[in-house]
Amino acid sequence: MKAKPMKRTIAYYPGCSLEGLAEEYDRSTRAVCRALGLELVEIPDWNCCGSTPAHSYNPLLSAALAGRNLALAEEAGLDTVMTPCPGCLKALKGALHKQGEDPNGFQDALGRPFEGKVRAVSVLQLLAERIGPEALRKAVRRPFRDAPVAPYYGCLLTRPAAFAQFDDPENPVSMDRILEAIGCAVPDFPFKTECCGATYGVTRNPIVTRLTGRILDMAVRAGAAAVAVACPLCQQNLDLRQAQVEKAAGRRFRLPVVYITQLVGLALGLTPEEVGLDKLFVSPESLIMNLDAESETADSLSNAG
Amino acid sequence: MRIGVFVCQCGTNIAGTVDTRAVAQRALDYPDVVFATDYMYTCSEPGQQEIQNAIAEHRLQGVVVAACSPRMHEPTFRRAVEKAGLNRYMFEMANIREHVSWIGQDRAANTLKAMELVRMAVEKLRRNEPLFASEVPINKRVLVIGGGVAGIQAALDCADAGLDVVLVEREQSIGGKMAKLDKTFPTIDCSSCILGPKMVDVAQKENITLHAYSEVESVSGYIGNFTVKIRKKATYVDWDACTGCGLCMEKCPSKKTVDRFNEALGVTTAIQIPFPQAIPKKARIQKDACRYFTTGKCKVCQKICPTGAVHYDMEDREVVEEVGAIIVATGYDLFDPAPYGEYGAGRYPDVITGIQFERILSASGPFGGHVKRPSDGKEPKDIVFVACVGSRDKSVDRPYCSGICCMYIAKQAILARDHLPGVNCYVFYMDIRSPGKNYDEFVRRAIEEYGVQYIRGRVGKIYPNGDRMVVQGADTLLGAQVEVEADLVVLATGVESSRGAKELAEKLRISYDQYGFYMESHPKLRPVETNTAGVYLAGACQGPKDIPASVAQGSAAAAKVLALFARDTIATDPQVAGVLESACIGCGKCLSVCPFGAIQWKTLRDGSRKADVLETVCQGCGLCNATCPPKAIQLRHFTDDQILAELDALCA
Amino acid sequence: MSEKNERQLRIVGFLCNWCSYGGADTAGVCRFKQPPLLRIIRIPCTGRMDPLFVVKALAQGADGVLVSGCHPKDCHYAVGNFYARRRLELVKRFLPFVGLDPRRFHYTWVSASEGQRWQEVVTEFSAVIQELGPNPGIGADTPMETAGQAASAFA
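So the protein lines, in turn, are chains A, B and C.
Heads up, the first sequence is in this note's numbering, so the first residue is 1 and it goes up one at a time.
Heads up, the second sequence is in this note's numbering, so the first residue is 1001 and it goes up one at a time.
Heads up, the third sequence is in this note's numbering, so the first residue is 2001 and it goes up one at a time.
Derived from the structure by calculation, the hints contain no laboratory data.
Nothing false has been slipped in among the hints.
Listed below are several chain C residues computed to face chain B (Cβ distance under 8 Å; list not exhaustive): (1) Tyr2021; (2) Ala2027; (3) Gly2061.
DSSO-like mimics (lysine-lysine), calculated; alpha carbons at most 30 Å apart, straight line: (4) B:Lys1631 / C:Lys2073; (5) B:Lys1461 / A:Lys247; (6) B:Lys1589 / B:Lys1610.
Quick caveat: nothing in here was measured; it's all calculated off a predicted structure.
Using N, Cα and C, we set each Cβ at its ideal position, and we do this for glycine too.
Build the full structure now, drawing on both the sequences and the hints.
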């Protein structure tokens, strides 16, 4: 599991969601990395990853589109590109996969030199592999006092398995380990990788309210007080659309849906503002009450990592 | 040398596109050829007679037959020339059917090619020498590795025929997987009732030596004369003294030991006899669970044992057995469903494997034969069976069909309905594979008489809902997604090669496929032989198999051993390597390349070191011949001289 | 005295008894038509192949040499074809040094059941030899750069 050592400086690819709806994911990711001593360098002049439409039009060109960001990172002398968004991650990892299959064709399409020496990782993978649960546990200043938080990974973080090369595709545990490290109690959550309905929220909303409703229902039945996520789209469906879901299902969930980086940030002693907690639709107040305010005696942050 | 050439017409098979008369005529021009003719069917009785007559009449010293492939009729013609007084190796075949007449229409080109092949055979024959098989005595004892039903059958058949049998079993008791089964398909007869007497027979036969809780350390020697080292693992109980009374189990304070015989569904004691019908019925201490071994205090079993059989200082012991043949019957293991994260086996107590359900059904199982679920002991109202878990799935590197799961699911569903008439049984399946006598009828009974609901489709996810499980899958016949709520989910885990199978294969020098199943000598015609002479296969170590097939193979392997042992000596194939000692430089390259360990050092009186071929071990591959720098080692019947002569004939 | 007088192109085949010889038999049984260039010498195993056989065949005027054995890992003698693979690959690279065209030598793996594949192997290699024409003997049809390339392959 342990990857080869990465540099402490990491190329950062935010992607479009993190500049808009998921601004708090961006803010908390940067804050957590800073607190853990990882320097994020935003890729200069980064461009769209291609999202969902590009690869259905032309797989090679869409791979090259995402690949340009990797090439820019490589030019800057960095060996790891981190993106919090699983959609972007899949595009970047897919580009690397394509490059590996046909380096010359890929370079032709890209139109600039690229050796394919960079890795693409999610922020979750960065926390799990670069920092690791043990180091994280030592860096925690205000652990959650056994707050039950359900880990929801969504569909893309560990799949397709051939691209992702990270964690178990069907029953991932990396977020579980991180949540445990910051003091959360992790219930057995069977719907870790179930579909949230993804982009149907706009076009065929009932699909999303039904699927997301199942996930929220399962989280409640598993005894969770909150759901941890690592995907802007999942977060949007579970949090922003929770009111719609509640209306469709005829019941109230009131379940905070929080980015894993926000939870880690809080445990590291960052303020709710620093991790953008105010941006959430369902109030995470109940969760913050669970933070152990007295326990500020943990090892200093500089020991982390 | 006086050589006769016989060109077969094979009816029109050869004569249709080859001028056999011209080929025979041309052969008379070749050196040493004194007689040549063509004949309608050379392999027929009169055809063979014609050869024998010609040998006598023309005082032939060698024969070439130009006909079909030597893989077809070489043995036939060798026997024919032998009857006429020639050495069987003074014979060559030219393949002018499969390699000439059947693959080309051009009569002129074919005839020319046939002439060249005959010339090649003549040149080879001119350099042939009479070869004689050597005879080595056979040690008429047989080793059976593995005491499952296949190994038991093989051991009993051999013992019934009067052979001395050595049976080695890795576990504490013989019986194998079958001993864990409740009932057997398609007859629903009780597994231990039909296996038990056979196990007792093994214990009672005076000519069977049973080494239980033992493993094969090393194998050396060759057919007729193997030396096998067996490691008897420490049980910390003197089995000669132990009477199997079970008093120690009653008093042992470590009562939370995982019961492996019951597939971890129950607990047992640290000192234990695995099940009531165990053979040998002797106790063993499981070291990591024993209070004395872990804390240094206890010794309750030693104090209580009426025969003083418990010895904490016991160590592994090695025994050496000399045998003439080996039957490998090491069976199989079951697929560990952990790679299917979405099924949650191991995480959810009520998602179990087929063999676990078998123990639940068993009257000697953890619940005394009451069908209960492991989590809370409730009787299930709905049971879902999931087929092909670890079978026919490339994504977990198990693309093959395990062959038994369709049947054992049907059996278990029927038994579940017998135990609990109100229970609903569902089966998610890909295809129902039930070839075998009364097998498909059995599955139909499950569906029609027992009302088991078969749903054709894969299961995508299993998750808990309250205290029940939800099985989410596809129904490909309805074309819809379905969800079935169940109290108990049984994963029909597939068959995989036995743990340690590859290591044992290396010791035995037999080959195995990419999944660790042992390779038979021919997939159809030599199903229980291996390519190592004197080593035979029985049961699921060769591939997934049910009980009848395993038993049949056990008997088949025993029959092969009996046929081998019917003679006092064994004739070895003389087409083996031989060393010209005056040319051997003692470099040892042949020793290092020989795949069979058939070459050893021999020291001459002058102290020089020379390679020496064990003719009974040599398989005749010729690797040493190609490797030898001074060409001192030559593969008889395929010497450099002979092959180069063939080459010269073609190129000259 | 030889049939060679009629100057037909010929390929010498060395086939292992267990797989490829059987494969050639299977092709025959299935009546898969093949060009008549090939003459097959049966050997027990490709591990028996002395590199000398290849060189001698080409030096003595065979127009092509084809060696075929069991697929790697399927050797009747467990490992014979692994040795063969190493040796034959080296022979192929060595041929230019003695002035023989490496294209005239081909080795492959065909199992006893692969009659169709055997037909393809024979047909394709026969076409290569037809294309190259008669073997002019040592030194005659090896341009220096081929040897140079081979040399760099060793480097």
